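J.: These are the residues of each chain, in order.
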Amino acid sequence: ENRESMLNSKSNRLTEALEEANRLFDGVCRAREAALDAQFLVIASNIGKEKANELHSEMSAFDSTAFAEDLLTFMGINRTEVEEADDSEDVPGDFLPSHAWQKMGEEAPKYFRRAPTFHYMMGSFKSEPPVRKQRIERQKKASRGKAERAMPAQLKEMEQSHQEATEKEVERILRILQTHFENDPNTPISFFDFVIDPNSFARTVENVFHVSFLARDGLAKIKLDEDELPIIEPVKPSEGEGGEEDSRAAARNQVVISLDQREWK
Amino acid sequence: QVSELVQFLLVKDQKKIPIKRADMLKNIIREYRNAYSEIVKRADRTLQEVFGLQLVEIDTKRHIYILINNLPRAEGQHLCRGKEKEKMGLLLVILSFIFMKGNSVKDSALWEFLHLLRVYPGKQHSVFGDVRKLVTEEFVRQKYLETTPIPLTDPPEFKFQWGPRAEKETSKKDVLNFVAKMQGKDPAFWASQFSEAEASQ
Chain A
7 ENRESMLNSK
17 SNRLTEALEE
27 ANRLFDGVCR
37 AREAALDAQF
47 LVIASNIGKE
57 KANELHSEMS
67 AFDSTAFAED
77 LLTFMGINRT
87 EVEEADDSED
97 VPGDFLPSHA
107 WQKMGEEAPK
117 YFRRAPTFHY
127 MMGSFKSEPP
137 VRKQRIERQK
147 KASRGKAERA
157 MPAQLKEMEQ
167 SHQEATEKEV
177 ERILRILQTH
187 FENDPNTPIS
197 FFDFVIDPNS
207 FARTVENVFH
217 VSFLARDGLA
227 KIKLDEDELP
237 IIEPVKPSEG
247 EGGEEDSRAA
257 ARNQVVISLD
267 QREWK
Chain B
4 QVSELVQFLL
14 VKDQKKIPIK
24 RADMLKNIIR
34 EYRNAYSEIV
44 KRADRTLQEV
54 FGLQLVEIDT
64 KRHIYILINN
74 LPRAEGQHLC
84 RGKEKEKMGL
94 LLVILSFIFM
104 KGNSVKDSAL
114 WEFLHLLRVY
124 PGKQHSVFGD
134 VRKLVTEEFV
144 RQKYLETTPI
154 PLTDPPEFKF
164 QWGPRAEKET
174 SKKDVLNFVA
184 KMQGKDPAFW
194 ASQFSEAEAS
204 Q
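Heads up: the protein sequence lines correspond to chains A and B, in order.
Numbering follows my numbering, with no gaps: position 95 of the first sequence is 101.
Numbering follows my numbering, with no gaps: position 199 of the second sequence is 202.
Pulled out of the complex, with its shape left as it was, chain B reads as follows:
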């Protein structure tokens, strides 16, 4: 049962869409509901010891899980399919912008920023295709970004924040280091962001 669950989780993770406990119960655990927590615990151990991954609950109310990498980041080439790496690049840039601007930005502000990088929501991008869809749907579904409508705005506006997957897979400190690297400055240059990053460790 445990190995079936492990395989199930690995395959479900391919699209990076979070896994619901209900799905796990329905497809794998079925009759063994009582042993659910034990099976999950063992599956997590297998994932950690064999694959170097970790099963993390990102929503304790609705019981939703993701897989993250437990191993320290290795230098060198990472094998990735399709446009995974480029999308990670765009995501990192977006997460940096959001953090440095105080953890929440208006969608208009985000698109204005991406304009500067020649990325336009209305225009098909040579690498990312439909960027609006990528940012507002795919990244949101994968829980990298969270978008909430701003009340009583007409036309409706949204704000973007980090999603729970982003919180688990990276950190404010890492992202600040990225910004610092790009700008050739010390991370402490941005005092309030720096102390916030340190505090969240």
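Only chain A is shown next, with the shape it has when bound in the complex:
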């Protein structure tokens, strides 16, 4: 019970208690009392050990309060000049910022030889559903309606390869457009020259279809020239703020081009 007072290095209370225990032991004749005495001895020896410990650290006194203060300073504590509340434990007058322990966390690894934890960089294989592909899916369904309904089981696979094929086609066409423009930068291409395939109506339609993607994504511009005929040119990728706005504004215009086989011919 009087542990704290016994621990005080200046006190001899532990010694006194031991001496009294010795005296009492002479009168012991029952096992229970002997057990109590043994218990007392254990407690006493623990206290003795603690006292010895305290003695040890008192040789090079370590002021833990000062240490704590220094740690707080390191962590960036904001000490305000406020009157300390009576119960300073609950209401510290100063402010420990939220990144305080982060600061400590920056310093700490320097003192440890900790094995960095092993994690796979890429994680497991995931299938990607980018939004664009889904839109293509919908458009494709509309234009190919009847033929696909006949074979519902194979539908998914067909569409997958078509999605990729469409993407590739769009890219290919963009590249052709860009190359053409690189070679002859000031002459926009006539839209019809670009898309019409003299040998295949179907191909022509497909080309128009792919070009429409370029226009939708702002990668190409379709304008009317002096003769009121449509021309197409690629949009330069980095035109700065103004350029981006232009391409977005341009994409807002919807145009319906009709082309039937007779016209094509």
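Simulated from the structure, these hints should not be mistaken for laboratory data.
A couple of the hints might just be wrong.
[Said to hold, decoys possible] Which stretches of chain B does chain A cover? Using the computed rule of at least three CB atoms under 8 Å from a CB of chain A, they are: (1) 36–46; (2) 95–104; (3) 151–165.
[Unchecked claim] Mimicking EDC-like on lysine to aspartate or glutamate, the simulated pairs with C-alpha atoms at most 16 Å apart in a straight line are: (4) B:K86 - A:E113; (5) B:K15 - B:E60; (6) B:K109 - A:E56; (7) A:K109 - B:E87; (8) B:K188 - A:E75; (9) B:K86 - A:E75.
For clarity, every value in this text was computed on a predicted model and none was experimentally measured.
C-beta: ideal position from N, C-alpha, C; glycine also.
Following the hints, put chain B in place on chain A, whose structure we already have.
T.: The following block gives chain B in isolation, referenced to the frame of chain A:
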């Protein structure tokens, strides 16, 4: 077999919970029990040469191992997930306190000290959450700290000491240097701690 063991060890180390030989035998080595020590030796070599890590036995009786870093500490940013770094910070502070106070402290003394740093066992901490759990369970399970009950105390009290992982991953000298840095003093200022740190090198 060796590469399987290496992978096994690396994954097991993620939570920093020590690895038991029994687990290694059961999961990886299985039929090749006789070659166990050879496989482990080669795995350790791979870990050292390829990853710069080292397999260290921290309990020779029960055969428990941990992975530590073999490379000299690099300056600059360390990549860490989650709250790993902040927890390291708290741990360093605790280990410093324990060492400077003579290698063993009562739990009440430790919490009293952490109070000064606005860390309270009964209160949810904005960074560490349940601090009592972190200190008395997680750090102990990872073998950074060791806690033993003090006999015949009522209510039961515990004492905290360095755990075997702490002994391997850091040193008294490093920790003393940390304290010295924080307090802007020379490590030799604390004479007995200094000589103890030098002796343990």
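J.: Hint by hint, note whether the structure agrees.
T.: Structure-based check of all given hints:
1. Beta-carbon proximity to chain A at under 8 Å applies to 0 residues in the segment 36–46 of chain B; the threshold of 3 is not reached and the given coverage is violated.
2. Coverage of the segment 95–104 of chain B by chain A holds [criterion: at least 3 residues with CB-CB distance below 8 Å; count 6].
3. With 3 residues carrying a beta carbon less than 8 Å from a beta carbon of chain A, the segment 151–165 of chain B meets the three-residue requirement, and the given coverage holds.
4. Taken as a hint, the K86 of chain B and E113 of chain A pair is honoured in the structure, with Cα atoms around 14 Å apart against an allowance of 16 Å.
5. Distance check on the hinted pair: K15 of chain B and E60 of chain B sit about 15 Å apart at the alpha-carbon level, within 16 Å; holds.
6. Between K109 of chain B and E56 of chain A the alpha-carbon distance is near 10 Å, which keeps this suggested pair within the 16 Å criterion.
7. With a C-alpha separation of about 13 Å, the suggested pairing of K109 of chain A with E87 of chain B holds against the 16 Å cut-off.
8. Of the pairs offered as hints, the one joining K188 of chain B and E75 of chain A holds, with about 14 Å between alpha carbons and a cut-off of 16 Å not exceeded.
9. Of the supplied pair hints, the one linking K86 of chain B and E75 of chain A is violated, its CA atoms being roughly 23 Å apart against a limit of 16 Å.
Of the numbered hints given earlier, the model fails hints 1, 9; all others are met.
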